[in-house]
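A.B. asks: Put together the whole structure using the sequences plus the hints.
Chain order of the listed sequences is X and Y. For the first sequence, this note's numbering begins at 1 and goes up steadily by one. For the second sequence, this note's numbering begins at 289 and goes up steadily by one.
If you are wondering where the hints come from, they were derived from the structure by calculation, not from laboratory data. Just so it is clear, CB atoms sit at the ideal spot from N, CA and C, and this is done for glycine as well. Among these hints, one or two may not hold up.
Pairs of lysine to aspartate or glutamate, EDC-like flavour, derived with a Cα cap of 20 angstroms [as the list claims (entries may be wrong)]:
no., chain 1, residue 1, chain 2, residue 2
1, Y, LYS319, X, ASP164
2, Y, LYS319, Y, ASP356
3, X, LYS86, Y, ASP524
4, X, LYS21, Y, ASP524
5, X, LYS278, X, ASP41
6, Y, LYS341, X, ASP172
7, X, LYS138, X, ASP41
8, X, LYS202, X, GLU179
9, X, LYS76, X, GLU179
10, X, LYS76, X, ASP134
11, X, LYS86, Y, GLU525
12, X, LYS71, X, GLU45
13, X, LYS138, X, ASP172
14, X, LYS21, Y, GLU441
15, Y, LYS529, X, GLU56
16, X, LYS86, X, ASP164
17, Y, LYS365, Y, GLU392
18, X, LYS76, X, GLU60
19, X, LYS21, Y, ASP332
20, Y, LYS529, X, GLU20
21, Y, LYS533, X, GLU20
22, Y, LYS341, X, ASP134
23, X, LYS123, Y, ASP332
A short, non-exhaustive set of chain Y residues, derived as facing chain X with CB atoms under 10 angstroms [as the list claims (entries may be wrong)]:
no., residue
24, ILE311
25, ASP332
26, ARG336
27, THR338
28, THR575
29, VAL585
Listed here are the chains, written in short residue letters.
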Amino acid sequence: MDRVLFGDNQFFGVNHMSEEKARAQAVRFQDIAAVIKVLDDAYAEGIRAFMCTTHERMSEVCGYFREHREKYPDFKFFPCLPYAHKYANAAAELGMIGAVRSFLPTDNALGALLKGGMSLARKDIEGLAGLLIDAEMKMFAGLETPVIFLQNVATDFLLGLGFDEAFRMFNDHVREHYEAEPGFITMNAPYLLQRLAKIGLKNPIICANINKIAFRMCGGIDAYEQMIAEGRCRLIAMSVFASGALPPREALEYVCRFAHIEAIVFGASNRNNIAQTKHLIETLTPIQ
Amino acid sequence: MEQTTLRVAIIGLGKMGLSHQSIVNTHPQLKLVSVCDSSSYILDVLSRYTGVKTYSDYKRMLAEETLDCVFIATPSKYHAEIVTAALERNLHVFCEKPFALDPEIGYRLADLAESKKLVNQVGYHYRFVAAFNEAKRLLESNLIGKLHHVHAEAYGPVVLRTKGSTWRSQKSEGGGCLFDYSCHAIDLVNYLVGRPLAVSGTVLNSVFSNDVDDEIYSTFEFPNGLFGQLATNWSDESFRKMSVKISIWGTNGRINVDRQELQVYVRALPEPSGIGLTTGWNVSYTTQLTPPVWFYVRGEEYSAQIDHFVQCVKTGAVPRSSFRSASDTSLVANRMRADADKTRTIVDLGESHLSASDTLPESRRTRSFVRALVDRFRVGGI
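C.D. replies: Take a look at the structure:
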């Protein structure tokens, strides 16, 4: 896995510290060309992996990179599914089951339609999960997706319910149908790791908030540092700047000291910031 | 503090019920005993994959299970019946909002719960957002002086087209922007500055919906010369998700607060001066304001409100968001709806006041003529 991953919050008006900042970013990146320009800059700075949600607008980005593969031969996507708001809004409008039904494939062969309807009717959750994953992954067809993530709203919701089997279903489907590694995004990493170990998912890829001020690190900083030291999972650190609350050097000095944190994902909206952050990560990562 | 576990059940497994289940199930002082819903589909899936005990009849569940408390997240029209049943079995109750569509019923339930000394809480989760609580703390310290205006806004992309077939699109079932969206803003205003004495100029407007309102505007009058305005609209696609913002003006400054950020403009610092405050703008963020929670799904406030409920049951404290405060919110909403039906003050001066060069468009000329005729009849002229 690459050491530096590029995130997408800034492109979709997401900022966990300030709604005002989020809105300004949403306006800036309304035009897909602006998004592609920043990704272009990231590529120019040596970043080769883009961790992104399955927001509808991402399909335009995917289309661009599919068309210009020769320009970005080694660029990888790390999809994070599902895009939660899509489902939350649908659930509010159509009810829970109606929402699930609305996201099942309708444009595909009769086979998929039947399969969806039957899975739904027979409460074949594994089948349903597979269909929903496939629907979310459609936009990445033809692109390199070495790791496919379950978004934190889904991961933590299922984790809380005790629906551990869902993680196995996700794991199996991603490995079998996409020859990719499954990853789990969460705000409750120590607890998640415990549950994954119980169902026999060894050394999983976990992406979690890891920052000096313990922002959204449920279980506490000590539990996280212990988890990191034990090295029983492959960790990707996100929200390393705590959505802007920490100055870059201080933030990265904390995260980079841990040998068992394999990768860091961050977002930025201009080439300068991308270059600075990547440079800081490289200089602060001890040589192993 | 006792470490005994409270036995809890959940009734109603829609979006909020399932969200509560996820959080309740991880709380170290709660034991989830069973869940109840009318959908056998959802019950089957949950039973198979999480092992939770399920019921389709809440009365049977309450009769058969030994419980300490219950979470009720059914559509609002069932709240009164189920809350009453739970209280009669001496259970502490957490109920989703809107609590009771009829405030009279809400207050009666509050009386019943209080007389039995049962903890009663309603899911107005904004009362558990750190930024709003910090704003409340500053208001109580009189930092921005005598308050003269409050502006409360709630916007979101919930209804963007003419469609809808759930309880949310039925007025009689607690659907509509007023009960689903505005109530959050109303409840927050009540929490921050107190309940209004009167409402006026209320507009309930449909943008896309057939049976319910999509946007609500109203003017609030509070004691001591404070006035406020409420603006809520759930048909705004420019918002990625629900966004609530409150602005408050006082003689010594101003507060702008939303879920993540608190901005305070201070004209003159009090003596002794507030810790860490300067004159001019002071900004703080959720990253520094929000205490951590043991388990996070969607937002700290969803966990914090449940932990608050548990601690209130243990200590006997009155919850920050209770049946009574929620009934206050329903009361305001109720009065707003009544106010919206009242006559309004026409601005139009009528044709006789136009100068020679003015021309009314055809339709307005016709209307003015008809109005003049109608007025003549009303006065009993002809």
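A.B. asks: Can you give the numbers of the hints that this structure goes against, from lowest to highest?
C.D. replies: 6, 7, 16, 19, 22
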